[in-house]
Structures are given as structure tokens and as C-alpha cells.
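Novice: Here are the chains, one letter per residue:
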Amino acid sequence: MKLRAIASEAGRNVRSGATRAVTWALIVLLIGLGTLLADTYQAVRIVQSAYAFNASGASVLTLQTDGTVDPGRCLALETVEGVESAMALRFTETTLRPMALPEGPLPIVEIAGDPVAFLDGSPDPVNVSGILLSTEVAEQLGMEGADALELESGERVAIRGTYPFADDGRDGRLASSALSVVPPAGHFDECWIRVWPYEYAAVDLLAFTADPAPEGASLPQAAQLNMTLGTAPEFQQEFSHRITRMAAALGPLAIALVGFAALWARRLELSTAMQLGVRKRELVLQMQLETLTWAAPVCWLLLAGGFVLLNHAVLSEDQPALFAGLASQVGAALICALSGAAAGVLCVRPTLQYRYLKAR
Amino acid sequence: MRIELAAIGHQFADQWLFQGLSLTFEADRLYALVGPSGSGKSTLLSIIASMISPTEGSITFERVDEVFWVFQTANGVPARSAADHVALPLLAQGMDRTVADPIAHDILHRFGLGATADRPFKSLSGGEAQRLMLARAMARDPQCLLIDEPTAQLDRTSAASVTTTLINLRSSSRITIVATHDQSVIDACDSVIDLTPQT
Chain Y
0 MKLRAIASEA GRNVRSGATR AVTWALIVLL IGLGTLLADT YQAVRIVQSA YAFNASGASV
60 LTLQTDGTVD PGRCLALETV EGVESAMALR FTETTLRPMA LPEGPLPIVE IAGDPVAFLD
120 GSPDPVNVSG ILLSTEVAEQ LGMEGADALE LESGERVAIR GTYPFADDGR DGRLASSALS
180 VVPPAGHFDE CWIRVWPYEY AAVDLLAFTA DPAPEGASLP QAAQLNMTLG TAPEFQQEFS
240 HRITRMAAAL GPLAIALVGF AALWARRLEL STAMQLGVRK RELVLQMQLE TLTWAAPVCW
300 LLLAGGFVLL NHAVLSEDQP ALFAGLASQV GAALICALSG AAAGVLCVRP TLQYRYLKAR
Chain C
0 MRIELAAIGH QFADQWLFQG LSLTFEADRL YALVGPSGSG KSTLLSIIAS MISPTEGSIT
60 FERVDEVFWV FQTANGVPAR SAADHVALPL LAQGMDRTVA DPIAHDILHR FGLGATADRP
120 FKSLSGGEAQ RLMLARAMAR DPQCLLIDEP TAQLDRTSAA SVTTTLINLR SSSRITIVAT
180 HDQSVIDACD SVIDLTPQT
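Protein sequence lines, in the order shown, are assigned to chains Y and C.
The numbering of the first sequence is numbering that gives the first Met the number 0, which starts it at 0 and goes up by one.
The numbering of the second sequence is numbering that gives the first Met the number 0, which starts it at 0 and goes up by one.
It is possible that some hints are incorrect.
[As the list claims (entries may be wrong)] With a straight-line Cα cutoff of 20 Å, these simulated SDA-like cross-link-like pairs (lysine to any residue) come out:
#1 Y:Lys-1 x C:Ala-151
#2 C:Lys-121 x Y:Ala-264
#3 Y:Lys-357 x C:Ser-52
#4 Y:Lys-279 x Y:Ile-107
#5 Y:Lys-357 x C:Lys-121
#6 Y:Lys-357 x C:Pro-77
#7 Y:Lys-279 x Y:Pro-349
#8 Y:Lys-357 x Y:Ala-260
#9 Y:Lys-1 x C:Asp-95
#10 C:Lys-121 x C:Thr-97
Source of the hints: derived by calculation from the structure; they are not laboratory data.
With these hints in hand, go ahead and build the complete structure from the sequences.
Specialist: Here's what the structure looks like:
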């Protein structure tokens with residue numbers, strides 16, 4: 000059979016409905032939604048939980064001391080794998096009394112490090128120097144970003160920027176403070192590190208940042224900045240052991256069975272075609288073309304659905320990896336559908352035509 | 000061109016359907032295979048079509064490379080047109096669609112099916128469907144054609160048209176064997192092979 004004739008036969012089968020393309024496409028779509036997209040949705044849900052955990056400050060581990068933190072050692076933890084950023088904090092007795100809020104003095108907390116990047120969870124440095132206010136305080140004072148703050152004393156203090164500090168159950172001491180970025184000199188009271196991917200065991204690193212406590216001083220206390228989402232989430236384990244992962248692996252196999260069934264249901268037609276002189280390899284090619292007409296659009300729909308889902312979830316960092324995972328599964332599903340179809344044709348034997356007819 | 004059966008016997012569920020059957024089939028002749036239901040007509044056709052092996056005996060094909068079987072039940076593709084059915088064996092021979100389609104239409108006309116060419120198989124009557132199966136077999140032009148009860152499920156008018164078609168199938172380059180109960184078909188054949196069990 001000529002290639003053009005094979006393509007023409009495939010086209011006529013699809014157009015006439017002999018292929019039952021819509022039926023098989025719907026079945027594969029349901030399987031794809033129930034396995035591949037369900038798994039992507041579950042993965043997105045877990046990743047979103049991890050993002051929420053990180054955004055809440057729960058991935059920030061703190062060490063509180065009586066002024067024994069070495070800021071150099073604290074900031075050096077940024078070079079340790081898993082520690083995204085670090086900063087040292089020194090609480091002072093100095094306060095700012097804004098003219099607009101004279102009854103609400105803002106204690107100044109000296110920071111060694113990059114507080115805006117740290118508190119924003121940003122991997123890129125911001126490196127603002129000077130006085131910073133939390134976004135909420137800046138709003139209360141009617142300030143927008145960098146501006147000058149008029150104090151009760153009549154002085155004006157330049158505000159270099161703001162930092163996010165939500166009221167979401169985290170240690171709220173920085174919510175109504177003014178941060179002052181200072182060089183890492185002298186001793187500080189606390190060392191904060193942002194650990195991502197989160198691992199509570201990283202708290203042990205903080206012990207190396209404090210000098211020995213003087214006689215009678217309280218012992219350093221390690222804590223988590225926000226404990227409302229728990230202290231030991233197991234996102235990675237939850238991700239790698241998610242139940243839908245198995246379903247996603249079985250999805251392409253189920254689709255292979257659909258590909259096989261789509262052709263096995265036509266075994267009488269195929270065996271007759273073989274008896275009429277069509278070679279098996281020609282039928283394999285023709286059936287691959289027919290299978291493509293229903294399997295390829297479904298795969299495209301699954302990919303588009305996954306793309307929309309991932310875009311909607313706004314997981315900029317993990318989006319490419321999750322999409323690549325879905326794309327590889329969908330690609331495997333397409334190959335499985337074609338392989339199943341090829342196997343369906345290869346299993347048909349023209350000598351069993353009479354049996355196929357009786358079984359109809 | 001001939002097919003020789005030598006002392007063929009076939010057993011089914013410990014019962015011999017037939018035994019010691021020696022027959023010779025030659026080209027340009029129509030053979031009627033008769034006998035009551037269960038006498039082994041379809042089984043004998045299956046043996047000639049090499050779909051099953053006989054329990055005993057041997058079968059020899061002399062210058063016969065292909066055997067084509069037209070079943071009692073017309074087995075077409077419901078959604079495809081009558082012309083598509085006839086064109087398929089022509090395409091399988093390497094013809095282009097532009098060549099195969101006019102030939103297919105011509106064959107359909109010769110079988111009295113010209114008006115049905117573009118109709119889907121599922122819309123054909125029983126007689127039309129059965130004649131279409133014969134027309135498709137002709138497009139394949141096999142050296143041996145086995146036809147199983149071609150008129151069994153047809154009304155009198157359709158059966159008559161199929162019988163006429165069968166007579167036209169006789170060819171010097173083909174052996175044609177028809178399993179049938181229909182006396183009009185039997186009358187149209189050159190030889191009758193009776194598989195009625197001897198008591």
C-alpha cells in the first residue's frame with residue numbers, strides 16, 4: 000500500500016467514525032485527568048504548602064542570647080548549604096517617636112546583614128542601609144517607601160525602605176520596630192537564619208554563632224520564628240510519597256491498554272484487511288496515524304491544563320520542574336497509546352478471522 | 000490450479016464431523032457444499048482456508064497461493080462506504096486512490112450496487128451487504144473463493160440476486176466453493192459435495 004493510500008485510509012476511518020476517535024479520546028482524557036493532572040494538582044498543593052510555610056517565617060530559625068552572638072559567624076552561615084540567608088539582630092534601648100504616633104515609640108533594632116532580602120525571602124540581595132520600617136508601620140504613618148519621618152522632637156529621619164512582616168502568628172517583635180542596618184561589629188543578641196528547603200536540624204548550626212555565655216547569663220535559646228504551621232513539616236517526604244505519584248505512573252500504562260483496546264475492538268476489521276492484502280506493517284502505520292488523531296489532542300489538552308494549573312498556582316521557582324514532570328508523563332502517555340495500538344494490530348491474526356467473527 | 004483433499008477427517012468433542020474425505024477442486028467450476036447444520040460445512044471451509052488443521056489427512060494446494068473466505072454474516076466496517084470496502088483490496092495492491100476508486104465503482108455497478116457506492120455499510124440491506132462482500136472479494140480476485148451460506152439470512156429477492164452474482168463469479172482462474180442449503184444456489188453450481196452423515 001502506498002503511503003498516501005495509508006494516510007487516506009486513516010483519514011477516512013477517522014472522518015467516518017470507524018476509528019471512534021471521540022470515544023477513545025474521552026476515555027484517555029478521563030484517565031489523564033484522574034492520574035496525570037491529579038498528580039500535578041497534588042504536587043502543586045504540597046509545593047504551595049511549602050511556600051506558605053516559608054512565607055510565614057516558619058523556615059526562619061532564631062538563636063536568642065544575652066548579647067553573645069558573633070555577627071561574622073552568623074552571616075557566614077549563608078555559605079552553608081540549605082541556609083538561604085542570615086542576619087544578626089541587636090535590640091537597643093533607643094526609640095524613634097514619630098510625630099504622628101507619639102504614644103507608639105519604635106524601638107530601634109540594629110541589623111547586620113540584608114534584612115529586606117531576609118524578611119522578604121528573596122534570594123537576591125537588596126542591600127539597603129539606614130532606617131527601615133515594617134510595611135504596616137509605614138502605612139500607619141502614611142509613608143510610601145523611602146521618605147523622611149518627622150519625629151516628635153522635630154527632627155527628620157530618612158527612611159530608606161520597608162520590609163514585610165505579617166501578623167500571622169510569627170514572633171512580632173520586628174512588627175513595630177525600626178531596623179537600622181549596621182556593620183557586623185561587636186556582639187549581637189540574636190542570629191536568624193532562613194533554612195530552605197526547611198530542615199529543623201539546621202538549628203544546630205546556630206550554636207556555633209554564639210560565644211560562651213558569661214557566668215550567670217541565661218543560656219542561648221533556639222526557636223522557630225513562626226510555629227503556627229508546625230515545627231516539623233515533611234514536604235519532601237510528602238512530595239515523594241504522594242499517593243497520586245503511583246497513579247501518575249500507572250496512567251500511561253492504562254492509556255497503553257486503551258490504545259490496545261481501541262485496536263483489539265477492531266480485530267475483525269483488521270484481520271479482514273489483512274486477508275484483503277493489506278500488510279501488517281501498513282496496518283500498524285495506519286493505526287498509528289488514527290491513534291494519533293485522538294491521543295495527540297488529548298495529550299495537548301492535558302499539557303495545556305497542567306500549564307494553566309501551574310500558572311494559576313504561581314510557583315515561579317518550581318513551575319518549570321513541575322511542568323517538565325507533567326510533560327514527560329504526558330509524553331510517556333502518548334508513546335504508550337501508540338505502543339498499545341501497535342501491539343493491538345500485531346496481536347491480530349488473519350487466520351483467526353472466523354473466530355473473531357463468531358465472537359462479535 | 001487445484002486443491003486436493005486426501006482422506007481428510009476432523010474430530011470435534013470426540014465426535015467425527017467427517018472422515019476419509021478425498022476431494023479435488025479445480026478452477027472454472029462452482030462447487031456446492033451441502034449437508035445439514037452441524038455436518039461440518041464451515042469446518043471443511045476452515046480447513047481449506049488453513050484456519051484450522053484437519054485431525055487427519057492432508058491438503059495440497061497446486062498453484063493456489065491465496066484463499067479468500069466470504070462469511071455467512073457480512074463483516075464490513077459499519078461507518079465506511081460501500082465503495083471504500085471494494086477499494087481497499089485495490090489500494091492494498093499498490094494502486095493510488097484516484098485509480099482504485101473508479102475501479103471500485105465499476106465493480107459495484109457490475110454487482111448491481113452502483114447506487115449504494117457512497118452509502119455507509121450499516122445502511123445496506125442484508126442482500127446488498129452480502130453482495131458487497133462478494134464484490135470486495137472480486138476486487139481482491141483470489142485464486143480460491145470460499146463462500147459460506149451466502150443466502151441464509153436473505154429474503155427471496157435478495158437471495159436471487161446473490162445467486163445470480165455467484166454464477167458470474169465463475170472464472171478460469173478461480174476455484175469457487177459455496178457452502179449452502181439454498182436449492183437455487185445448489186442448482187447454479189457445477190458439482191455438489193454432500194456432507195450428510197451416512198447412517
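Novice: Any hints this thing doesn't respect? Which numbers, in order?
Specialist: Violated: hints 1, 4 and 10.
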